[in-house]
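Using the sequences plus the hints, can you model the full thing?
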Amino acid sequence: MLVDMTKVHVIGHRRHLDEVVARLHALHVVHLIDVTADHEVHLPPLGVDDEQLAELHEARLLRARIDSLLALLPEPPPVPSPAPTIDLDEIRRELDAVGPEIERLVIEMEELTAEQDNLPRHIAALGRLLPLLPEATITEGYETSAVLIDSHFPDVLAALDVELGELLDGNFEIISDRVDADTIGALIVFPQRRSQDVASLLGREQLSRVRLPQRFSGLPFRRALAAMQRRLDELPAELEDRRDRIQRLVAPHGSWVVASGQLAARMDQLAAVRLMGATSHTFVVCGWVPTPRLAEVRAALAETAGGSTVLLDSPPGQSDSPPVLLDNPAVARPFELFLRLLAIPVYGGFDPTLLMLAFMPLFIGIMLGDIAYGAALLVIALVVGRRFGNRPGAVRDVSRILVLAAVWSMVWGVIYGEFLGDLGHRLFDLEPIWVNREEALEPLLVLSLGIGAVHVVLGVLLGIWRAAVTAQSSKLVERIALLVALSGSFLIVLAVAEQLPAGFVTPGMVAVVIGLVVMMASGGAMGLVMGPLELIGALGNVLSYLRIAAIGLASVFLARVANDLGATAPLLVGILIGTLFHTLNLALGVFSPTIQALRLHYVEFFSKFYEEGGEEFSAFGGDNNADPPVEQLNPDS
Amino acid sequence: MEAGLLAIGAGIAVGLAALATGYAQGRIGSSGIGAIAENPELTGRIILLVAIPETLVILGFAVAAMIIVLLGG
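Respectively, the protein sequence lines represent chains A and R. Per the numbering used here, the first sequence starts with residue 1, numbered consecutively. Per the numbering used here, the second sequence starts with residue 1, numbered consecutively.
Please note that a few of the clues may not be correct.
Chain A side only, calculated, beta carbon under 10 Å to chain R, not exhaustive [said to hold, decoys possible]:
hint	residue
1	Leu341
2	Leu445
3	Leu546
4	Arg547
5	Ala549
6	Leu553
7	Leu598
8	Arg599
9	Tyr602
Calculated from the structure, these hints are not laboratory results. Quick caveat: nothing in here was measured; it's all calculated off a predicted structure. Note that CB positions come from ideal geometry on N, CA and C, so glycine has one too.
Next up, the structure:
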């Protein structure tokens, strides 16, 4: 359902501007509109003055400093309760005093964490190479370099031997061995004075040289390995020490979090000023308020600025485009996600969210139709829902939709007699209540077409209703004619399929002809072409619901393949194979029906009645207010 | 023999339609991803556009089903 909107104009003296704007911001109930776009108010925009512009600059700078520092912290400081009074100068002094120290400690923490991540890799590489290294080779004036070579290219080692021979006149030693299945480790011992030449050669040949961290680079390999191990053991304590020091520094500054929120609110309020109209002494706020909450706004303004502001309200006019606020029962609200994915309806249009609640999970259930898949999906959706239950967003909405889809899947699983495909029948003689999908294609096709006919006709009926409500007579006639022609087509099909007596063919043909003629006549010159196309399109829409049968069949045969493959192997391996394929089938069985059910709504159903393109209601003070560039705020700047 | 030919016919009906759908969806999908990268608000419309050619394979499926149900007895 769409919430009725009331247009409001709040008029007050300029000296009360800040107070009124702050009150409206805290209410979270007014959708502001630009005074220049309001046809009823012919006033120049208020803009922000130099003082406000400077305040905005300062607020942005300070908030950026606070937020960047808070973002560095492992945990935000505890916010004192009740929230303290914020002195921005005091906050600045605190940031100057402890900010650099916190930044230094955070950088140290990052370096320690990187060291903790990297050291095990160096230790592992060196550990593999050390057995190759005889103590005797480490002699004064000689240096050792280690390289790792892909064992698929052992010729590289011979080539390296030749190149080093030419470079060092044979004054070197290579010790190599396989360190794991894919790697050959090689230690090269050579005179220290030729270090640069050897490094150049290894670099030129793109050989993977084992490089130790800077801190250990001068040490012989054995000592380096022991030192790295010791360092790795020390790191957790050092990290903990830095974390403690940061927490001790920030703990008294919970006011920073409060200040950040207050600064964001103030920036929002200053940004909103650009939307307001101005006379020499007054300001005018233009906006929309959900009609049920108008009294709340009136009461709040009466308590603000000594009740000196005036609130004028009026219903939407012909030239107005009120914002759209969806208001559906909690169980249907997740489906608003799919409506937003396409486009929300225009104000005064029809909100089909409740119809999506009725049909979409049903369609998914008919396609998936398996007790075990439904149960698995239910568990997954409930677990995800519990984890994200408190966080509004797409994941929570989808999990709630999937709960409904899972219940319908189990219901249709009972109707089809399916438990992991035909496994239920194989193991415990599970029989279908209505039809076995593997054997009876025809009933499934009839079911799909029946659902399609009902859904498309419902869409056409809604189209008729919308055309009547919006007084679009030509569209109304065209939709009624389409309904007549569609009904005639259904009569003919049912009579030909011997589901109705043959006598229904003639009235059916009469209905089709009348419907077509009216559609062609109501559409003007284009109607001659568009009328028949419209009928063919609507019949095509009904046929499109065959995908419900097609996707369902694919699901049940994939489940059977999983069972057959599992049955060919020994018991445990068979269970493993079966589980793997059933998991894959479940993933496909959720994704594909969801997309197909969505498409049936968007293309086949909505195209009959849905008027999209409304602007979504965005409450001043909510999370979605933009922070525009400063130059947009002041028309004079 | 006759059943085999019917099965081949049904397979061709679905298979060719699926190829056509795949070709169309591939082209729409690649353009659509580009459009979504530029403007994520178009996601719903792109899903809609990508889904439209599926009618081809559904009609192929309808023909295959008719071959099996009506001719296959």
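Hint check results:
1. The restraint placing A/Leu341 at the interface with chain R holds, with a minimum CB-CB distance near 4 Å, inside the 10 Å limit.
2. A distance limit of 10 Å between C-beta atoms decides the matter here; for A/Leu445 the minimum to chain R is near 6 Å, and the interface restraint holds.
3. The criterion of a C-beta within 10 Å of any C-beta in chain R is met by A/Leu546, whose closest approach is roughly 5 Å, and the hint holds.
4. Given hint, A/Arg547 at the interface with chain R, holds; its Cβ is 5 Å from that chain's nearest Cβ, closer than 10 Å.
5. Hint status for A/Ala549: holds, given a least beta-carbon distance of 8 Å to chain R, under 10 Å.
6. Interface hint at A/Leu553: satisfied, since its Cβ lies 9 Å from the closest Cβ of chain R, which is below the 10 Å cut-off.
7. The interface hint given for A/Leu598 is met, as the beta carbon of that residue sits about 7 Å from the closest beta carbon of chain R, less than 10 Å.
8. Hint on A/Arg599 holds. Least Cβ distance to chain R is approximately 4 Å, under the 10 Å limit.
9. For A/Tyr602, the interface hint holds, since its Cβ comes within 10 Å of a Cβ in chain R; the closest pair sits about 5 Å apart.
Of the hints listed earlier, there is not a single one the structure fails to meet.
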